[in-house]
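These protein sequence lines map, in sequence, to chains S and A. Quick note: the first sequence uses my numbering, first residue 1, plus one each step. Quick note: the second sequence uses my numbering, first residue 1, plus one each step.
Note that these hints are calculated values from the structure, not bench results. Keep in mind the model is a prediction, meaning the values are calculated, not measured. Any given hint could be a false lead.
Said to hold, decoys possible - Once the Cα atoms are required to be at most 35 Å apart in a straight line, the calculated DSBU-like pairs of lysine-lysine come out as:
| id | chain 1 | residue 1 | chain 2 | residue 2 |
| --- | --- | --- | --- | --- |
| 1 | S | 153 | A | 203 |
| 2 | S | 153 | A | 553 |
| 3 | A | 388 | A | 33 |
| 4 | S | 51 | S | 82 |
| 5 | A | 553 | A | 388 |
| 6 | A | 534 | A | 365 |
| 7 | S | 10 | S | 21 |
| 8 | A | 459 | A | 489 |
| 9 | A | 174 | A | 246 |
| 10 | S | 124 | A | 162 |
| 11 | A | 247 | S | 158 |
| 12 | A | 459 | S | 82 |
| 13 | A | 489 | S | 82 |
| 14 | A | 553 | S | 124 |
| 15 | S | 25 | S | 45 |
| 16 | S | 87 | A | 459 |
| 17 | S | 124 | A | 291 |
| 18 | S | 87 | A | 553 |
| 19 | S | 158 | A | 174 |
| 20 | S | 158 | A | 162 |
| 21 | S | 124 | A | 388 |
| 22 | A | 33 | S | 124 |
| 23 | S | 26 | S | 51 |
| 24 | A | 291 | A | 254 |
| 25 | A | 489 | A | 531 |
| 26 | A | 280 | A | 247 |
| 27 | S | 25 | S | 10 |
| 28 | A | 141 | S | 158 |
| 29 | S | 153 | A | 295 |
| 30 | S | 158 | A | 295 |
| 31 | A | 162 | A | 141 |
| 32 | A | 174 | A | 203 |
| 33 | A | 365 | S | 158 |
| 34 | S | 124 | A | 30 |
| 35 | A | 203 | A | 30 |
| 36 | A | 210 | A | 291 |
| 37 | A | 534 | S | 124 |
| 38 | S | 124 | A | 280 |
| 39 | A | 531 | A | 33 |
Single-letter residue listing:
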Amino acid sequence: MSSEELVLEKILSTGSYGIKKSDLKKEFISFDLDQTLENLVNNGKVCVDKKGSAYYCWTSERYLKHLNNVDPKFRILVERIKLIERKLDNHSNSVRDAINNLIELLKADNPGSQNGLVNLDNFKIEFDTVLSRSNTSIGWIELGQVRSELSEKFELSKSDFYELVEQLVNAYHNEYELSTGGNEGVILRGLLHGFVRGI
Amino acid sequence: MRMYPYGLKINPYPSSPTPSFADSQILGGKTHKDARQAILTCLSDLYSKLDTARPTDSDFRLITMIQDVGSGKTHLAYHVKGLPELVENTITSYVDLSQVSPRDIHNIYDSILGGFSRDDIESLRRKILYFLCNKAEDNSKYVKKALNYGFLDNLSGNKNLKHRAEEILKGKQKLNFQYVPEILSSDFSEIQIEIIRSLIEDKLRSDVSKIRSLEGVINSLSAIADMNLKLLNKLTIFQFDEFDSKKESLDFVKAIINAHIPSSILMLILTPSSYDEIKKENPSVFDRLEKANYKIDLAGSNTLFELNDIILEYIRNYDENKLFTFTQESDLSTKIKLVYDGFPDFRNVRSMLNIFYHATEEASKRDSFMIDESIIDDTIKNIYPGSKIRGSLMNVPLSDFIQIKKGVSNMETVESDIREAVRNLLTLTNYEGYVNELNFDNVIGDGIDIIYNDNYGSKIAVSVVVSDEPSKTRAQISNATKSLNIVDKLVVLTGNTNRIFGGSTRNGNNITTIVNMDNAKMIDLIYFNNKFKKQEILNDDLERAITLARSIKLC
Numbered sequence: 001m002s003s004e005e006l007v008l009e010k011i012l013s014t015g016s017y018g019i020k021k022s023d024l025k026k027e028f029i030s031f032d033l034d035q036t037l038e039n040l041v042n043n044g045k046v047c048v049d050k051k052g053s054a055y056y057c058w059t060s061e062r063y064l065k066h067l068n069n070v071d072p073k074f075r076i077l078v079e080r081i082k083l084i085e086r087k088l089d090n091h092s093n094s095v096r097d098a099i100n101n102l103i104e105l106l107k108a109d110n111p112g113s114q115n116g117l118v119n120l121d122n123f124k125i126e127f128d129t130v131l132s133r134s135n136t137s138i139g140w141i142e143l144g145q146v147r148s149e150l151s152e153k154f155e156l157s158k159s160d161f162y163e164l165v166e167q168l169v170n171a172y173h174n175e176y177e178l179s180t181g182g183n184e185g186v187i188l189r190g191l192l193h194g195f196v197r198g199i
Numbered sequence: 001m002r003m004y005p006y007g008l009k010i011n012p013y014p015s016s017p018t019p020s021f022a023d024s025q026i027l028g029g030k031t032h033k034d035a036r037q038a039i040l041t042c043l044s045d046l047y048s049k050l051d052t053a054r055p056t057d058s059d060f061r062l063i064t065m066i067q068d069v070g071s072g073k074t075h076l077a078y079h080v081k082g083l084p085e086l087v088e089n090t091i092t093s094y095v096d097l098s099q100v101s102p103r104d105i106h107n108i109y110d111s112i113l114g115g116f117s118r119d120d121i122e123s124l125r126r127k128i129l130y131f132l133c134n135k136a137e138d139n140s141k142y143v144k145k146a147l148n149y150g151f152l153d154n155l156s157g158n159k160n161l162k163h164r165a166e167e168i169l170k171g172k173q174k175l176n177f178q179y180v181p182e183i184l185s186s187d188f189s190e191i192q193i194e195i196i197r198s199l200i201e202d203k204l205r206s207d208v209s210k211i212r213s214l215e216g217v218i219n220s221l222s223a224i225a226d227m228n229l230k231l232l233n234k235l236t237i238f239q240f241d242e243f244d245s246k247k248e249s250l251d252f253v254k255a256i257i258n259a260h261i262p263s264s265i266l267m268l269i270l271t272p273s274s275y276d277e278i279k280k281e282n283p284s285v286f287d288r289l290e291k292a293n294y295k296i297d298l299a300g301s302n303t304l305f306e307l308n309d310i311i312l313e314y315i316r317n318y319d320e321n322k323l324f325t326f327t328q329e330s331d332l333s334t335k336i337k338l339v340y341d342g343f344p345d346f347r348n349v350r351s352m353l354n355i356f357y358h359a360t361e362e363a364s365k366r367d368s369f370m371i372d373e374s375i376i377d378d379t380i381k382n383i384y385p386g387s388k389i390r391g392s393l394m395n396v397p398l399s400d401f402i403q404i405k406k407g408v409s410n411m412e413t414v415e416s417d418i419r420e421a422v423r424n425l426l427t428l429t430n431y432e433g434y435v436n437e438l439n440f441d442n443v444i445g446d447g448i449d450i451i452y453n454d455n456y457g458s459k460i461a462v463s464v465v466v467s468d469e470p471s472k473t474r475a476q477i478s479n480a481t482k483s484l485n486i487v488d489k490l491v492v493l494t495g496n497t498n499r500i501f502g503g504s505t506r507n508g509n510n511i512t513t514i515v516n517m518d519n520a521k522m523i524d525l526i527y528f529n530n531k532f533k534k535q536e537i538l539n540d541d542l543e544r545a546i547t548l549a550r551s552i553k554l555c
């Protein structure tokens, strides 16, 4: 065992009562006790304080216990800190629960998808990409086909998809046009508009 | 005398739901004008390459015009048919296939013949008879017999064969046809001579039943196109509107395309939906359509820019006294934009023209020099009673909509206006028992405007954040969320700037709900607020206001 281990073991064995520094000096004469104690204090393993007229040594935890017993101010402060700790715990639990609830909600609405992240802007980017890939000579493409292709990116329900299409066409009415027909699409003037193209 | 707005003597807009030939002479809109130019280019190209003496099957062109219903395809087809610069060198047959039923070869052929104008048929008859007269130089005896021109005619002073031809055209005399084949056989085919007979005897359409096969019909059409070129020096245009995927139509069109009828143009007018159906129904025809010489593109035919120009063009055309000034054009354009923005259902040529036809009538009844908001508002209410401004729950009249919309675009004042409107809306819902314990004054936390309890006893905080700066909006929302440890739920009412879809915003959650209000919602709120302050919220308005409160998640 090293000198520091020998001294630490001795201090630990004395519990919250502590041990006089002079007693340690008497017991450990084969090495420089002052230097060893300084190392232990610097490492935060040992505390040295005056008790009565003599200097005593404790381990850190035992020293706190000692202070709690002998110093009423310290005891009150500890109580206050514990109270704050409890409050923090409660709040962190609330935050954690809220986040978990939110995740559950998102999962429930859009199982296993990125749906929660769909906004008109990223929807437009993907929508435009599908339109630009359209290989018809006249540019018109069935909305059902666009939906099918976009389902790989966003797992949107049919109604959510067409709600977004409607908003997209309204927001950018100079960029898209719809045409009647098809099997699914947006209802305008009571007519099913199932074809789209970029202008 | 009844006057119309802008000093017009007549209502310039078409009154029928589908275009008439007379209305179609006015063509507005850049897209439509570009399309017309593309058709003219095709005609000019064919005409320039044509050897009028001997046209071949390479002198055939196919044009497709594909666009949605109500976007002006038929109008453009009519317009092209009546263009003065084309009347000189084309003869057009317009066929609306939706009127051909049953769609057999005889009916389609009959419709094609009926699709030529009476003037074109008359000019062809005249040319044939004059051609016969000119043949007198080589074959005087037969020509005179054919024209029933005898000794007595000469004695009575009728020395001119062409005078006799005119009498035949007027039905005063008859052509003795038994001599005609002998005269014309060196210039015309047998089929053409048969058609000439039908033409002269004015039995062209009644003789349709004599043709027994599709091949016979195609040969007849070729013969007619050839005569048009030979006698009138004109190209023949066959326009088929409402072309669809019915088998008879497809077979007929395929045969015409395959025949490459010399000196003719086939123009097919259809919707994207029909085009798609043809693709599925008959790939062979679809492939031919894909290879059309010209695909007339009406892309953007229903954009605001296009519709605006079309609507203005009608007035410009009839503005004899130049009373429709630039200022009035701009003013009317503002109204057109409002209708376009507020009513997506009307974003096509047909609907817009219908609205402006009725608005013009209404303006005339009111003796108004211009078409104003209230006229448009009443027009829409009368002719489309079920229509309302897009997204509007409060049934805001167009005139109020216009007024409020100007204010909504002012970001400096709109936030406080919306805040006041939300307070009053909650006050109303409080009276009605949908919420309680309203608190406007002792609100907790930054950015919280109102606190109240919902029907379940949950404490709700409302924050109104309407800003055009996304960073400011985010900061305000962030501030507001600090109150979450005190209230059960936070509702953030924000503008359109930071649209978020999905997640908490879209589906809501039990902690924070961000409601993105579009212009229509904000206009609804301000309209409600104006009425509330004037104590004009009546029964229907009350229900609408509750719906409005629900729509922005206040109760």
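Hints and how they fare:
{"no.": "1", "hint": "S:153 - A:203", "result": "violated, 65 Å"}
{"no.": "2", "hint": "S:153 - A:553", "result": "holds, 30 Å"}
{"no.": "3", "hint": "A:388 - A:33", "result": "holds, 32 Å"}
{"no.": "4", "hint": "S:51 - S:82", "result": "holds, 27 Å"}
{"no.": "5", "hint": "A:553 - A:388", "result": "holds, 22 Å"}
{"no.": "6", "hint": "A:534 - A:365", "result": "holds, 32 Å"}
{"no.": "7", "hint": "S:10 - S:21", "result": "holds, 11 Å"}
{"no.": "8", "hint": "A:459 - A:489", "result": "holds, 7 Å"}
{"no.": "9", "hint": "A:174 - A:246", "result": "violated, 42 Å"}
{"no.": "10", "hint": "S:124 - A:162", "result": "violated, 71 Å"}
{"no.": "11", "hint": "A:247 - S:158", "result": "holds, 33 Å"}
{"no.": "12", "hint": "A:459 - S:82", "result": "holds, 30 Å"}
{"no.": "13", "hint": "A:489 - S:82", "result": "holds, 30 Å"}
{"no.": "14", "hint": "A:553 - S:124", "result": "holds, 27 Å"}
{"no.": "15", "hint": "S:25 - S:45", "result": "holds, 18 Å"}
{"no.": "16", "hint": "S:87 - A:459", "result": "holds, 22 Å"}
{"no.": "17", "hint": "S:124 - A:291", "result": "holds, 32 Å"}
{"no.": "18", "hint": "S:87 - A:553", "result": "holds, 32 Å"}
{"no.": "19", "hint": "S:158 - A:174", "result": "violated, 70 Å"}
{"no.": "20", "hint": "S:158 - A:162", "result": "violated, 73 Å"}
{"no.": "21", "hint": "S:124 - A:388", "result": "holds, 27 Å"}
{"no.": "22", "hint": "A:33 - S:124", "result": "holds, 30 Å"}
{"no.": "23", "hint": "S:26 - S:51", "result": "holds, 19 Å"}
{"no.": "24", "hint": "A:291 - A:254", "result": "holds, 13 Å"}
{"no.": "25", "hint": "A:489 - A:531", "result": "holds, 29 Å"}
{"no.": "26", "hint": "A:280 - A:247", "result": "holds, 12 Å"}
{"no.": "27", "hint": "S:25 - S:10", "result": "holds, 12 Å"}
{"no.": "28", "hint": "A:141 - S:158", "result": "violated, 81 Å"}
{"no.": "29", "hint": "S:153 - A:295", "result": "holds, 33 Å"}
{"no.": "30", "hint": "S:158 - A:295", "result": "holds, 33 Å"}
{"no.": "31", "hint": "A:162 - A:141", "result": "holds, 15 Å"}
{"no.": "32", "hint": "A:174 - A:203", "result": "holds, 13 Å"}
{"no.": "33", "hint": "A:365 - S:158", "result": "violated, 47 Å"}
{"no.": "34", "hint": "S:124 - A:30", "result": "holds, 27 Å"}
{"no.": "35", "hint": "A:203 - A:30", "result": "violated, 43 Å"}
{"no.": "36", "hint": "A:210 - A:291", "result": "holds, 34 Å"}
{"no.": "37", "hint": "A:534 - S:124", "result": "violated, 43 Å"}
{"no.": "38", "hint": "S:124 - A:280", "result": "holds, 29 Å"}
{"no.": "39", "hint": "A:531 - A:33", "result": "violated, 47 Å"}
In the structure shown, a violation is registered for the earlier hints numbered 1, 9, 10, 19, 20, 28, 33, 35, 37 and 39, in ascending order.
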